[in-house]
Amino acid sequence: MTEKVSGPRLLEPQPANRGPEARPHRRLQLKSLGEVAALIALIVVFAALNPTSFLTPQNMRTILELASLPLVVGVGSTLVILTGSIDLSVEGVMGAGGMTFVLLTANSRGTADLGFWALPAALLVGMGLGLLIGLVHTALKVPSFIVSLGTWFIGLGIATLLYGDSGIPFLSDAALKSWPTRLTIGLPNAFLLAAVIVLAGIAVTRFTRLGRFAYAIGNNEEIARANGIPVGRYKVYIFVAAGACSAAAGILASLQLGQGSSTVGNGNLFTTIAAVVIGGTSLGGGRGGILRTAVGVLMLTVLNNGLILSGVSPNLQSAVSGAVLIAAVLAAAWPHRSRLRIVK
Amino acid sequence: ASQPIDKKDIVLVASVINTTNPYMASMIQGAQALSKKLGVPLQIVDSEGSSQTEISKIQAILAQGKKVALMVNTVASSDAPTIVNAVKAAGGYVSIWWNKPDDYEPWNVGNNFVAFQKYSGVQSGECTANALAKSLNGKGNIVALAGVQDSTTSQTRVAGLKEALKAYPNIHLLDTQPANWDPQQALQVTQSLLAKYGNQVNGVWSADDGMTVGSIQAVQNAGRINDVKFASDGLYPPEIKDMQDHMGNDAIVGETFHRGYMAAAIGLYTAYQAATGAIDPSKLPHEKRDSLFQLECVTPQNLSDYTKYDDPNYISSWMDSLIKDGPWNTPPTPLVAGGPEKLP
Amino acid sequence: MTNAPLAPATGLHTPALRLTNVVKSFGAVQAVRNVSLEVPRNEVVGLIGENGAGKSTLLKILTGLHQPDSGTIEAHGRRVNFRRPQDAVAAGIGVVHQEQSLLTNLSVAENIAMNALSSKDAATRYGIYRWSRLNREAAQVLARVGSSVDPRTTVGDLSFVDRQMVEIARALRVDEAVHASPLVILDEPTSVLERSETEILEREIRALKRIGSVLFVSHRLDEILRICDRVIVMRHGQVVADRRREEVTEDDLFRLMVGKEATARTRQKAAQNPAAPVIEVRGLGRRGSFKDISFSLSPGSCLAIVGAMGSGRESVSRALFGAEPFDSGTIEIAGKPARSWSIRRAVRSGLAYIPAERKVEGMVGGLSAAENLALAHPGPAAWGPFLKRREQAKGAAEWFERLDVRPRDPRLPLGSFSGGNQQKVVLAKWLSAKESKVLVLDHPLRGLDPGAAQTVNEQIRTAQSGGAAVVLLPDTLEEALEMGDQVLVMRDGEVTARFDLSTDSPTSLDLLEKMV
Amino acid sequence: MTDNAVLQPEPLSAAPPTPKGPTRPRRAGIWRSIGPLAVFVALLVLVAVLTPTFLTGGGLGILTVTAAPILLVALGQAMVLNVGSIDLSNAALVVFSAMVLAQTLGPLAAAAPLLTLALMTLIGAANGFLIAFGQIPSFALTLGTLGILQAASLEVSHATTVYATANTDLLAPLFGTALAGLPLAFWVGVVCAVLLWAALRFTRAGQGVTAVGLNESGALFSGLRTRWLKVAAFALSGLMSGLAGILVIAQAGAASSFGLGSDLLLPGITAAILGGTAITGGVTNPLNIVFGALTVGLVPIGATSVGINPQAQSLVYGLVIIVAVALTMGRKRAGVVK
Ligand SMILES: Nc1ncnc2c1ncn2[C@@H]1O[C@H](COP(=O)(O)OP(=O)(O)OP(=O)(O)O)[C@@H](O)[C@H]1O
Ligand SMILES: Nc1ncnc2c1ncn2[C@@H]1O[C@H](COP(=O)(O)OP(=O)(O)OP(=O)(O)O)[C@@H](O)[C@H]1O
Ligand SMILES: [Mg+2]
Ligand SMILES: [Mg+2]
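In the order they appear, the protein sequences are chains U, H, C and B. First residue of the first sequence? That's 214 in my numbering, and the numbers climb one at a time after it. First residue of the second sequence? That's 31 in my numbering, and the numbers climb one at a time after it. First residue of the third sequence? That's 6 in my numbering, and the numbers climb one at a time after it. First residue of the fourth sequence? That's 7 in my numbering, and the numbers climb one at a time after it.
Please keep in mind that the hints were generated in silico from the structure rather than gathered at the bench. Where a beta carbon is used, it is the ideal one built from N, C-alpha and C, also for glycine. A hint or two may mislead.
What the hints assert, rightly or not - Okay, the calculated beta carbon distance ranges per label pair: (1) B:L325 / U:L396: 40 to 46 Å; (2) B:L121 / U:R550: 31 to 37 Å; (3) H:D310 / B:N315: 24 to 30 Å.
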């Protein structure tokens with residue numbers, strides 16, 4: 214195939230009528246405003262209920278700090294969900310990553326102190342677990358739901374074995390412990406870190422092959438394959454990325470707590486997936502995005518914080534969260550209702 | 031009436047709720063130490079926080095036809111009858127720790143259910159409440175972190191707290207929120223509570239020391255560690271260290287002292303003695319079969335009396351005294367009263 | 006893609022593509038049995054064959070979607086082995102698949118560039134997109150096929166036809182990806198296109214011939230003879246004929262494909278039936294979609310609705326079937342007014358519907374063909390709430406025989422049948438039920454080979470003589486005039502003309518005039 | 007082949023290529039139908055070899071006691087997965103069911119279990135109704151109901167353990183009576199599995215739910231009542247959770263919000279999938295879920311019997327689950343796995 218054919222333009226460009234349905238690409242989708250409106254509504258309601266405590270700078274900082282873990286986890290989860298898969302391993306990976314980090318940093322057990330290198334080491338543990346999910350899922354065609362469920366327990370097992378029985382490993386460096394809460398430009402570091410990861414995630418989904426292919430795979434895996442996308446390989450990359458996000462969240466959680474614990478991840482899975490769903494990312498894949506997840510995370514965080522502030526009985530808090538979740542998805546779905554709509 | 035079992039045939043079994051909580055880790059340590067002292071093999075059961083797992087794992091061990099002397103830290107009160115029945119059917123002996131239905135008494139079941147044992151939750155709550163109130167000079171506002179909502183242990187401790195506070199009309203309990211025994215959740219809940227009440231909060235009471243770790247971190251993050259006092263049940267090594275270091279201007283003002291290793295060893299040894307025929311449960315007074323053990327109130331002033339107990343050498347010699355003095359007379363935690371515990 | 010060590014020089018007479026003894030089976034189904042063929046350079050080769058003859062399978066082998074069980078493929082004289090779709094693209098093969106294969110949540114530009122994006126390409130650098138370049142290049146390719154779709158539009162927002170143009174544009178892009186003479190493969194690209202778009206495509210294909218070659222699958226024999234230089238006929242997975250265009254007529258091709266003579270396409274118009282109408286529609290309308298649709302059909306008669314893309318005829322047909330709501334007017338089925346109309350009620354009242362999107366709406370691919378047949382009206386295959394699987398299988402076997410569905414095993418999942426055979430089963434689902442009184446058929450012949458089309462038409466007529474009324478959205482105006490007793494012409498949601506063929510005899514041009 | 011080569015058309019009478027009998031679908035189906043059984047038996051043999059006393063000491067009895075509630079929940083979950091949805095609230099419903107039963111068993115006696123089952127079926131149906139007619143994702147909706155049910159349990163029980171005080175002997179046979187050496191409770195699950203299997207295979211509604219799971223649009227356009235079929239699937243899930251709640255009371259005589267039954271969600275899903283249920287819908291076999299549930303129950307019990315270090319047990323559990331599913335999955339339709 215040596216000859217070069219600088220082919221003539223086959224046809225001169227022709228004006229043709231645009232199809233009636235063709236709509237130009239819009240940058241700001243009106244549809245996504247619903248979730249933002251819901252977030253604002255929540256804020257307004259809680260501000261009205263708690264005039265003195267909700268809209269204070271301290272509480273805003275608290276909310277941002279509380280949001281930082283699910284935000285970090287959410288970036289990875291959203292990527293995975295965009296491909297139509299799911300990652301249930303986050304709590305286990307957070308445990309394994311967090312524990313690795315603590316044990317490789319100056320700590321009360323005096324295990325090892327790699328300084329900065331503890332960070333990449335812990336991230337590698339997360340990425341390794343992500344790699345495990347990705348490989349088993351794509352090579353053996355086991356549903357991601359079950360591989361990641363299994364990996365959750367594997368991660369937890371690793372964390373438990375690392376924890377062993379020689380007492381809680383505490384971080385020795387006070388400056389390190391307080392890093393997540395210290396303010397930079399008025400915002401807690403934990404949130405800034407989360408924000409950076411979220412922005413990086415958004416850039417990935419908008420401007421890189423990895424992100425765009427995630428959407429493509431989620432839209433229709435077979436078509437994506439027919440379009441030449443190495444589906445398996447990209448799925449693996451995405452699970453590795455998600456593993457890194459979970460490990461990063463595990464590190465952040467350990468810093469916030471100032472100690473290693475195999476269960477630092479507790480409660481983050483359902484919060485994150487709920488946030489992804491509330492944000493409007495489709496669990497079927499292909500639709501949604503990281504920005505939406507960020508809005509979803511903020512909604513849930515505001516809700517949890519607001520319920521405590523408003524003095525709702527602890528026994529009822531889960532009911533109120535549940536009802537708000539249902540109301541939010543119902544409200545989001547209502548305008549789109551049609552007799553042919555398929556929702557799983 | 032059941033026959034005494036030959037020592038050679040006995041297996042000690044300790045069932046714990048998980049293997050990662052420091053209290054549980056200490057229980058395992060105690061069980062191991064006793065097993066070594068007695069020269070009797072030991073098997074650990076990890077309930078993984080699940081009643082069903084706990085029951086079926088215990089049954090799986092019973093099914094091997096071994097004669098067991100069992101100590102169970104039940105996941106839920108309602109597990110006790112099922113476990114006891116299984117042990118009874120297999121001809122083993124069991125002591126239950128911490129949770130059982132109030133009206134389910136060993137003497138109504140028979141010798142195989144040797145004893146139920148716990149530390150008083152009310153006493154724990156009162157002890158720490160008093161310390162907290164005194165450190166605030168009888169005036170101030172506190173918040174409380176409870177454990178899992180349906181936990182009797184947590185509920186009795188909170189009841190004790192509220193009872194003790196009656197003596198301090200100027201101490202106000204602003205809020206009680208559950209943090210599920212989880213340090214991470216305690217951190218988050220405390221953050222929200224600090225945001226809600228701001229500088230009003232003078233003290234944080236927790237139902238256990240794990241949650242204190244989280245709340246201390248939150249208060250440190252808020253930069254108020256010098257203004258807020260803490261009290262909780264458990265006194266774990268990191269807290270001993272914080273107290274010794276006078277962290278936050280002696281921020282930790284009260285703790286109760288008891289140790290998982292003592293609980294596990296007392297429970298196991300009681301069951302073991304019944305198994306070997308060294309004691310006849312049916313001849314024991316009720317208070318020795320439904321028992322509350324001595325709980326010590328620790329303050330920064332008497333802290334030095336308690337630091338020795340975490341020395342591994344001490345644990346070994348404590349086992350000697352347990353074997354010498356029997357389960358009900360070993361200092362520092364002798365039997366104090368019969369159960370069931372009454373709420374004030 | 007691996008190159009054989011003895012790669013011959015690319016001589017003038019080396020064909021663009023040569024297949025030798027290619028075999029491919031799926032389990033016991035031999036989809037392609039020992040096929041050898043050539044596509045010479047700078048020629049358009051037509052590939053025809055009955056439904057299920059193995060055409061699509063062959064093309065999927067050529068584009069790296071399937072691996073052949075045995076046989077060799079040479080592109081430009083070199084032995085190739087396509088393991089992945091990219092390998093085919095790298096060898097200069099572009100394809101428009103029979104089923105649309107666009108990623109509907111991505112933009113037009115990305116779809117067009119997708120094959121290239123997945124390998125190293127100028128539109129990305131270090132895995133990072135260069136949107137402006139992507140959009141610019143896409144716009145250029147789109148212009149070649151005469152489409153002015155904005156490259157930044159999300160494909161999901163495009164009409165069916167626009168999407169097809171995007172597919173074609175994407176296939177044409179291969180000549181930019183490899184600077185060699187490309188081979189473009191088109192699997193029934195015209196079956197979803199209207200006349201005018203087909204013409205654009207034809208021109209494009211002729212132009213393409215100057216720089217490369219084209220392998221073109223279609224069931225429209227007239228089109229094949231118009232466009233192609235040679236015609237290859239497949240039957241039962243084998244090549245049974247390879248002729249130059251000049252050597253054959255439409256009838257020859259038909260015989261080669263189907264193995265029997267084409268029957269004369271004549272039709273006895275239904276005699277004016279005095280019986281009460283089975284369906285009567287008055288003033289049906291839906292805001293923003295269509296308005297004031299009225300007609301009445303007596304048993305055995307057929308209404309053809311024609312109109313260009315966007316005329317609203319599809320919405321009308323869906324509203325009849327309860328799949329879309331209507332906000333004014335009434336529908337009466339056998340004298341009974343349709344209240345709170347839904348698909349369920351429509352089916353219960355005896356409506357049958359063949360949707361244009363067969364795979365999604367017409368069938369449940371994962372269920373067996375037999376189960377699909379009995380899904381709407383199980384008839385003897387059910388006893389109260391229970392299923393009688395044996396009856397189900399028996400009924401299915403009969404219909405498979407009658408419609409000549411292949412492979413002849415109704416227990417296979419319907420999804421594994423070829424498009425034409427699926428369509429036969431979908432039709433049988435409704436025809437097998439005595440409940441069906443009104444058939445609403447949206448392009449029922451789409452994708453059918455001429456033989457199958459004939460079978461289907463015969464079945465429709467049988468149903469008509471059994472008293473069923475038909476509402477037909479035909480593929481072509483000729484079909485409308487042939488099948489219809491009445492013809493409605495629609496434009497922009499309104500009826501612009503109405504012909505009663507027992508009294509009027511309009512020509513296609515008359516209809517066309519009212520459409521645009 | 008030259009340009010003018012003309013192949014002779016095949017004789018017109020040639021038989022079309024017909025597949026040779028039904029071998030193909032059957033052969034592919036064999037592993038699908040016995041895989042879950044095989045995996046379970048293999049694990050059981052492994053445990054029995056390492057700990058010979060396991061089988062002789064009544065290990066199967068213990069295993070089936072553990073597996074019974076998992077089985078019920080998994081069957082309900084499989085019905086929901088079969089229509090392409092998921093039910094995250096079923097474990098919370100088990101607890102709620104137990105709670106309701108504990109409080110009504112005394113006053114209502116034999117009517118209490120029936121009432122409980124009816125109520126749980128209704129709650130399940132309400133889930134399905136909101137999902138089908140509100141057109142919201144089941145994942146989100148049932149996550150919401152999960153929260154509401156948890157709160158309901160806490161409120162009903164005042165956050166403590168609720169004991170069934172009277173008439174507990176009504177339920178005693180469930181674990182007290184053995185049939186073929188296995189407790190009645192397990193056989194209840196097996197009977198449910200058989201009934202559901204028959205319903206899926208031999209009823210129109212059964213075929214309908216499968217059609218909904220495979221292609222909801224296709225089912226809708228065939229005139230099936232797809233929405234109500236979904237409601238039915240969720241109602242069944244509710245019913246199964248209700249039954250599991252009855253088992254909780256039969257076993258422990260008490261219920262508490264975070265106690266027995268509250269952690270059945272993940273084991274239930276795992277058992278359903280180990281039984282060959284596809285998360286994507288349309289593929290399930292209730293008979294195999296029996297073995298799925300047994301496997302899920304066996305792993306922790308077996309690990310303890312064999313004497314694996316408790317700290318390593320969750321790691322073992324994770325590995326075994328992945329391997330088991332990899333072995334039992336029907337890979338025939340696995341063109342796309344999500
Ligand atoms: N993935 C598959 N699995 C099993 N059988 C298949 C598969 N793909 C195709 N077949 C079978 O192979 C045969 C050839 O199908 P193919 O789609 O190639 O026909 P076709 O000539 O393109 O028909 P049409 O004109 O209807 O598109 C058919 O019998 C079909 O059922
Ligand atoms: N086809 C597309 N699909 C989806 N998003 C797109 C598409 N094209 C552009 N965008 C989004 O819109 C943004 C602006 O793209 P656009 O091509 O309009 O940029 P531009 O300003 O014209 O670029 P340049 O300055 O390089 O010419 C991109 O960053 C991208 O996020
Ligand atoms: Mg085809
Ligand atoms: Mg520009």
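Results for each hint:
1. Roughly 44 Å separates the CB atoms of L325 (chain B) and L396 (chain U), a value that falls within the hinted 40 to 46 Å.
2. Look at L121 (chain B) against R550 (chain U): about 34 Å separates their beta carbons, and that is inside 31 to 37 Å.
3. The given range of 24 to 30 Å is broken by D310 (chain H) and N315 (chain B), whose C-beta atoms sit roughly 36 Å from each other.
Violated hints amount to a single one, hint 3; each of the other numbered hints is respected by the structure.
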